[in-house]
Amino acid sequence: MNAETLIVLLYVLVLASFVGFELISKVPPTLHTPLMSGSNAISGITIVGAIVAAGPEDWSVSKWLAIAALLLATLNVVGGYVVTDRMLQMFKKKKK
Amino acid sequence: MERDLIIKIAYLIASVMFIIGIKMLGKTSTARRGNFVSAIAMLIAVLVTLLDSQILSYTEIFVTILIGSVIGTVIAQRVEMTSMPEMVAIFNGFGGAASVLVATSEYWRMAHEAGYSMEMVVGVTIIISVIIGCVTLTGSLVAFGKLKGLINGRAVVFSGQHAVNAILFLAVLALSVLVVLQPNAEIWMLGVLAIALLLGVLTVIPIGGADMPVVISLLNSYSGIAACATGFVLNNQVLIIAGALVGASGIILTQIMCKAMNRSLVNVLLGGFGQTSSSA
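Protein chains in written order, with this note's numbering: chain A, 1 to 96; chain B, 1 to 280.
None of these hints come from the bench; they were simulated from the model. Beta carbons: idealized from backbone N, C-alpha and C, even for Gly. Warning: the hint list may mix true and false statements.
[Claimed, not checked] Coverage of chain B stretches by chain A, computed from C-beta distances (three or more under 8 Å per stretch; other residues unrestricted):
id, region
1, 23–30
2, 48–62
3, 182–194
4, 197–211
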């Protein structure tokens with residue numbers, strides 16, 4: 001990784017962090033748990049890294065590690081979104 | 001070349017959708033749709049990643065995703081509404097573990113397979129991902145255990161706890177420097193993994209069960225930071241953006257939750273709070 005790439009990635013990091021800080025304002029307390037759960041599902045984005053790392057054909061140690069990562073990340077993503085949806089569903093029914 | 005461009009554009013679209021999704025999750029009327037938007041963004045990111053030219057073998061990837069999706073859906077559908085917080089904790093722990101495993105996988109490839117070397121920046125980000133991911137994993141497991149009643153839900157405090165944590169933290173930093181300097185000696189990496197896993201346990205064990213939602217929120221933020229560090233390891237921008245979004249919004253959400261409970265974020269970060277709440 002050259003210095004230029006690193007700087008670009010750092011720009012991405014800093015700007016995305018500011019967006020993250022700004023996004024969560026004036027959120028009603030009832031939405032705290034679903035919001036936490038929803039962003040937990042997003043943190044499963046590691047699934048993308050796991051897919052790339054699981055790419056090689058040969059079954060080396062690093063491939064096995066990547067496959068394990070892929071399984072756990074999939075659980076995080078799928079489980080996270082389903083759980084969040086169930087929470088919000090309940091929320092809606094309560095309101096009506 | 002063309003594939004690469006398609007992947008990057010799709011990652012950009014996914015990133016925008018993640019931001020919109022989180023924004024919508026913050027309003028009662030749009031929350032459910034917001035979660036859906038973010039799920040679609042994830043689907044786009046996953047599908048387009050399959051085009052990556054580094055992927056030569058697909059069967060095991062599809063099989064693993066299929067197994068994970070089935071198990072994840074079944075668990076998430078069956079769990080009772082009252083058990084939701086511990087479900088979030090355990091899924092969050094899995095996410096942290098996934099970041100650790102991806103970073104370790106890259107470490108192994110660079111340190112042990114012919115033709116690879118480990119650059120300083122990559123080494124440092126691998127270490128960050130491993131440490132934060134390990135703390136997320138064991139911290140979340142302890143939170144899960146406390147909520148489920150598998151572990152004593154009360155605050156477990158012993159004398160000199162902060163000193164022990166500080167020494168372990170310094171030890172993990174020293175070992176991290178050794179990993180970056182001598183990537184071929186995996187003993188250093190094993191040391192980092194072991195101490196970081198222990199630190200996760202020690203950070204959450206002194207916190208009472210009633211304060212667990214705040215801790216889970218903080219650990220959720222950590223798993224975002226771990227994913228973000230993994231993005232630096234792989235030079236992958238959607239990982240950095242989504243990870244940073246979760247990391248930053250998670251810290252703010254934790255702070256809001258702390259304020260609602262009349263506590264300060266510093267107390268959570270240091271661990272050891274919640275003693276008062278167990279008696280209250």
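The hints, checked one at a time:
{"no.": "1", "hint": "23–30", "in the structure": "holds (count 5)"}
{"no.": "2", "hint": "48–62", "in the structure": "holds (count 9)"}
{"no.": "3", "hint": "182–194", "in the structure": "violated (count 0)"}
{"no.": "4", "hint": "197–211", "in the structure": "violated (count 0)"}
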